[in-house]
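Undergrad: One-letter residues, chain by chain:
2 protein chains.
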Amino acid sequence: MASSANVIVVGKKSVNDYVLSAILLLNEGHDEVIIRGQGNNINKAVEVYNALRRRLGDSIELVSVSIDSFEKGRRLVPFIEIKVRRTI
Amino acid sequence: MASSANVIVVGKKSVNDYVLSAILLLNEGHDEVIIRGQGNNINKAVEVYNALRRRLGDSIELVSVSIDSFEKGRRLVPFIEIKVRRTI
Chain X
1 MASSANVIVV
11 GKKSVNDYVL
21 SAILLLNEGH
31 DEVIIRGQGN
41 NINKAVEVYN
51 ALRRRLGDSI
61 ELVSVSIDSF
71 EKGRRLVPFI
81 EIKVRRTI
Chain S
89 MASSANVIVV
99 GKKSVNDYVL
109 SAILLLNEGH
119 DEVIIRGQGN
129 NINKAVEVYN
139 ALRRRLGDSI
149 ELVSVSIDSF
159 EKGRRLVPFI
169 EIKVRRTI
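Order-wise, the sequence lines are chains X and S. At position 4 of the first sequence (counting the first as 1) the number is 4 in our numbering, and the numbers step up by one without a gap. At position 77 of the second sequence (counting the first as 1) the number is 165 in our numbering, and the numbers step up by one without a gap.
Hints are computed from structural coordinates only; laboratory data are not their basis. Only a predicted model underlies this, so the values are computations on that prediction, with no experimental measurement involved. Using N, Cα and C, we set each Cβ at its ideal position, and we do this for glycine too. Fair warning: there could be bad hints in the mix.
As the list claims (entries may be wrong) - Sample of chain S residues with no beta-carbon within 12 angstroms of chain X, all distances over it, derived: (1) A93; (2) K100; (3) D119; (4) L144; (5) S147; (6) R162; (7) R174.
Unchecked claim - Under the rule of at most 16 angstroms between Cα atoms (straight-line distance), these lysine to aspartate or glutamate pairs were calculated in the EDC-like manner: (8) X:K83 <-> S:D156; (9) X:K83 <-> X:D68; (10) S:K171 <-> S:D119; (11) X:K83 <-> X:D31; (12) S:K171 <-> S:D146; (13) S:K171 <-> X:D68.
What the hints assert, rightly or not - Calculated from the model, a selection of chain X residues having no Cβ within reach of chain S, i.e. all distances over 10 angstroms: (14) L20; (15) N27; (16) I88.
I would like the entire structure built from these sequences, with the hints used as guidance.
TA: And the structure:
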């Protein structure tokens, strides 16, 4: 299981902000980073992954994409978790 | 490769509409169905998957989730493809 230290929760900030956060985590020595988006931010999480991919190219690889939902009060909120790994 | 016949492209209709489309495809004999969402519809595609999962339970399983982007004019549009398989 990943510690919360390497999870980036995508919210209202720009795609680039999250890309930079991911690069910082990788540079700090984390081998894996999880990009998580909930509800309306799921698509932004995918954009962050794609932008990170374009930026870092083959120095990262996609480990897994998991999708599920969690209960928030009476609602079910869908989420995505995109796990990437440093290859270098 | 999947034929386009079993791809459900999630758009402006309700989550339930797409869940019903998926159930129809499975009942017609397709063993696999791909739920595809682009741009702002990525989160809805995940909702469709979760709703389908709740409805059909263990009679379907998640095969893969792929995320990527494609060029549309000068923009890069992110998309998700969620592939599910009938287990019964």
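Undergrad: Decide, hint by hint, whether the structure agrees.
TA: Here is what the structure says about each hint:
A93 of chain S, annotated as away from the interface, keeps every beta carbon of chain X farther than 12 angstroms; the closest lies near 23 angstroms. For K100 of chain S, the requirement that its beta carbon stay farther than 12 angstroms from each beta carbon of chain X is met, with the minimum near 15 angstroms. Remark: the non-interface label on D119 of chain S is consistent with the geometry, its nearest Cβ contact in chain X lying 20 angstroms away (cut-off 12 angstroms). Against chain X, the non-interface label of L144 of chain S holds: every CB pair exceeds 12 angstroms, the least being about 15 angstroms.
Annotated as non-interface, S147 of chain S keeps its C-beta farther than 12 angstroms from every C-beta of chain X; the closest such distance is 18 angstroms. No Cβ of chain X approaches the Cβ of R162 of chain S within 12 angstroms, the least distance being about 14 angstroms, so the stated non-interface status holds. Non-interface call for R174 of chain S relative to chain X: holds, since the shortest CB-CB distance, roughly 18 angstroms, exceeds 12 angstroms. Taking the CA atoms of K83 of chain X and D156 of chain S, the gap is about 14 angstroms. The hint holds against a cut of 16 angstroms.
Distance check on the hinted pair: K83 of chain X and D68 of chain X sit about 14 angstroms apart at the alpha-carbon level, within 16 angstroms; holds. Distance restraint check for K171 of chain S and D119 of chain S: the Cα-Cα separation of roughly 10 angstroms lies within the 16 angstroms cut-off, and the hinted pair is therefore satisfied. Note on K83 of chain X and D31 of chain X: the hinted pairing holds, with a Cα-Cα distance of about 10 angstroms set against a maximum of 16 angstroms. The straight-line distance between the Cα atoms of K171 of chain S and D146 of chain S is roughly 15 angstroms, inside the 16 angstroms bound, and the hint therefore holds.
Taking the CA atoms of K171 of chain S and D68 of chain X, the gap is about 14 angstroms. The hint holds against a cut of 16 angstroms. Its beta-carbon lying about 18 angstroms from the closest one in chain S, L20 of chain X satisfies the requirement of being farther than 10 angstroms from that chain. Its beta-carbon lying about 23 angstroms from the closest one in chain S, N27 of chain X satisfies the requirement of being farther than 10 angstroms from that chain. With a least beta-carbon separation of about 22 angstroms from chain S, I88 of chain X lies farther than 10 angstroms from that chain, consistent with its non-interface assignment.
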